[in-house]
Amino acid sequence: MASSTLPSSPGREIRDSVVIRFAGDSGDGMQVTGTQFMLETALAGNDLSTFPDFPAEIRAPAGTTFGVSAFQIQFGAVDVMTPGDEVDVLVAMNPAALTVELKDLRVGGTIIVDSAAFNERNLGKAGYAKNPLDDDSLAPYQLLKFDITKLTADAVKPHGLSSREAHLCRNMWALGLLLWMYGRERTATVEWLKQKFAKKPQIADANIAALNAGHAFGETAEMPEHLVGYVVPKAHVRPGRYRTVSGTEALAWGLVAGMRAAGIEKLVFAGYPITPASALLHTLATMRQYGVVTFQAEDEIAASGAALGAAYAGALGVTSSSGPGIALKTEMLGLAIATELPLIVIDSQRAGPSTGMPTKTEQSDLFQAVHGRNADAPLAVIAAATATDCFDVAIEAVRIATKFMTPVIVLSDGYLAHAAEPWRIPVEADLPRFPIAYRTDPEGFHPFLRDPRTLARPWVRPGTPGLEHRIGGLEKDYDSGHISYDPDNHARMTEARADKIAGIARDIPLQTATLGEEHGALALVGWGSTFGPIHQAVRIAREEGRDVAHIHVRYMSPFPRNLGDLLKRYDRILVPEMNHGQLVRLLRAEYLIPAEGLSKVTGKPFKVTEVLDAIRGTKA
Amino acid sequence: MTVTTISDAQLAPKDYASDQEVRWCPGCGDYAILKAVQKACAELQVDRARTVFVSGIGCAARFPYYMSTYGFHTVHGRAPAIATGIKLANPELDVWVMTGDGDGLSIGGNHMLHVLRRNVDLQIILFNNEIYGLTKGQYSPTSRRGTRSPSTPLGSLEYPVSACVFALGAGARFVARSVDTLQSHLVGVLKRARAHQGASFVEILQNCVVFNDAVFEHITGKAEAPDAQIVVEHGQPLLFGKNKEKGLRLVPGKLELEVVTLGDNGVTAADILVHDETNRALAQHLAALEPPFPTAMGVLYCNPTLSYEREVYAQGGAQKGPADLDVLLRKERTWVVEG
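Here the protein sequences line up with chains B and Z, keeping their order. Note that numbering that gives the first Met the number 0 has the first sequence beginning at 0, numbered continuously upward. Note that numbering that gives the first Met the number 0 has the second sequence beginning at 0, numbered continuously upward.
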């Protein structure tokens, strides 16, 4: 292909950061459009953050508002930590997309629409009495209306597609135009199309033609006066080799890296399909050669059972789900706690209760993870902050599970699962190593003999001669591992289980402030995927001269051992979280501090301004 | 604790017993099953170190504690799932699932269905006593209609599930039935089950002496047994009765079995069906027989194929690639930021 126009063209304006949202029908290919734009942007050296937002329906009726699928990306020369509060450019492939997404467009922002899609039928479905392209309702914005349908059809004509197939190339035309606007290459997209449609070269060629046509449209005399090209300079990031990664990919690879770091030969991943956790099963299912065995179980319970059985047999047992599925695994978690086996449970949280909003994100399983079991059943819980952090968190989960012989719940969420960001690819040789040792010595063995330091019991692989033993959910004697209903023994075992988990606090880093001083007027305490918006808001507030710090908690159970002392050094504690107040209650209960909550439960991540407004409101 | 080595002398049934006191009710049929399993293990000289007994919850589920092998007493109904995980992690282990009618067919019915259709290489031994024993005598999914129990004081209204019919319906490729008191028959069936590659399902009619005593008396009683049981054997005619004078044959023109007596109405040995344990349709007929027909005992169906976990690993072997993490992480498009 011809080399694309480089962003040195005269007339291009410079932007530090830009937010684009691609929106259309669920069948319009907005997610692939966004993903390809992300890749080209990453390759151009910008930092970025994405937010795919799609409906639960696979193919909602065409043209409806509830079928709108969107992909938002913020990219820039600066450190980009969120997908952006306000949208600078909205690409709306139909009236429904326009009506749903317009509210997030900043005044003066750009709207790019396919005018052909604004027909009476689609306008009616979107609830427009009049065509907004024809009146002044969009006057606060820069409206760019092109007949993308026709322009695409013209571009793909030589390839002999049906009109339906041609229509499906519209997204590539729009992508081509956007790539031109921001001076991006098209090489990666062309390669991707060739690969994706390797068996249908005609479709690949048509899509490439549409992509090139959109690009050329920006460059040629057809360019309307409002259509301006921009330059977004490269971000200054640490040298190294990079790629983009989603939270799901990072989790999958982190689990494998953790298995290898522990020196475990096999990873058995058992899951049951559930949004938004299934992608982890799909990713791991392609990784057989890394010692990964995946198992799609008949239900969530069986998935957790198979993972626990694998752990019992000496493999790294992993199961994954979202809130409702984790609820079903609860009893098996109790058994994992009672038998003190290492088990990794990934919870990709979503809005609930019950089925809730499967494709929308929330952080509302913190209580379930920390306390949601019958009886006194402590385990370790850690939470991932960003898509790339998922890799490190997965490794850490394996380390804790195997060192302390305990189930570990990893909290991710729907946003992290799909969000992508650039990742400085680690080298395996640089990763932490924590080789485990299976017990093989029969001398003095019993199954609940504890390591005096960690209180962990030995991990014995069935098949080991001389160590044949029986374990189960019944209470066992502290000194022999046999079944015991002795009252004092149960008290002692309950203490031992609690002490073991509490002792993990001695094995994890001390809590520090991510930003700001470790004392002062106000600390924002966050966990999980709210990291980006909180960090950004605190950064801005500090630039405004406010005395505010950001504390991000990764270890949810047990908490870092200095967390209470650290929090007590601030006058006020504010806890933004995407639930109705869970971490804030845990902190209050644990440390008797008057922490205040800031809840957001709309199924969407925090905006920076929402957190910033709260900081300003608390007079820090 | 002793280390088992190849040079060990022959292991006796008692060598398969753990040091734990057996805590079933005196007279419980489970004792006989434990004895039969230990005997079968000894006759096969199974390696204790490579053997795992997995159970759910219930009286039968205490079984693993009484064996000197590896054992995992798990969660109600979920033993098949845990056993599947064990086999996926290590296909070399010899895994038994010990379950009951409530554990395996009620709370764990779903797992039973799927473990059988997947054909995971396990011996699944279902102790059927037609009652919930450990919770003190409620009716179970195999209880006959009209069973009076604490939860059904007026008699149960539900129709029972037949364990072997269920197993065949789920796609099991080894289905057998025996009785706790038929000691030598039971040992033989257990040995067949272990020899079978894939999921082998064995229903054992087991007497609960406390809550459902003599519920199988009409089948297992000394006087009744010859006419109430038909012990099937591959390649042998389906004969029963004190003097093997009765047999099963197909009703002419119908897909239906009938009991005939040799010599009556011109019936000869040639009219009697010969058991073919690879014939699924015949197995379904035999499994479904209930009084006044004789209850079929023995290996009703055996038609092995590759087991699930073997196929998983065979398929895995085909998916070749470099097991280098650094290669994996750099597989897609990457870019370099210069220092």
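The reader is advised that the hints may include incorrect statements.
To be verified - List of simulated lysine-lysine pairs, BS3-like, C-alpha gap at most 30 Å:
1. 190/Z to 221/Z
2. 34/Z to 190/Z
3. 330/Z to 265/B
4. 330/Z to 233/B
5. 221/Z to 253/Z
6. 233/B to 265/B
7. 221/Z to 38/Z
8. 198/B to 149/B
9. 135/Z to 34/Z
10. 102/B to 156/B
11. 330/Z to 199/B
12. 199/B to 149/B
13. 13/Z to 253/Z
14. 38/Z to 330/Z
15. 198/B to 241/Z
16. 156/B to 195/B
17. 195/B to 330/Z
18. 330/Z to 193/B
To be verified - Label-pair ranges, simulated between beta-carbon atoms:
19. 243/Z to 484/B: 47 to 57 Å
20. 248/Z to 264/B: 48 to 58 Å
21. 152/Z to 505/B: 51 to 61 Å
22. 479/B to 183/Z: 34 to 44 Å
23. 495/B to 20/Z: 39 to 49 Å
24. 199/B to 333/Z: 23 to 33 Å
25. 56/B to 217/Z: 55 to 65 Å
26. 485/B to 255/Z: 35 to 45 Å
27. 151/Z to 488/B: 44 to 54 Å
28. 288/B to 255/Z: 46 to 56 Å
As the list claims (entries may be wrong) - Covered stretches of chain B, as calculated for chain Z (at least 3 residues, CB under 8 Å):
29. 230 to 239
30. 288 to 301
31. 424 to 430
32. 463 to 475
33. 543 to 557
Worth flagging that the hints you see were computed from the coordinates, not collected in a lab. Since we're looking at a predicted model, the values are computed, not measured. The beta carbon of each residue, even a glycine, is placed where N, CA and C say it ideally should be.
Let me make sure I understand: some of the numbered hints might not hold for this structure. Which ones are they, in numerical order? The structure conflicts with hints 5, 6, 10, 13, 14, 15, 23, 26, 27 and 33, although it agrees with all the remaining ones.
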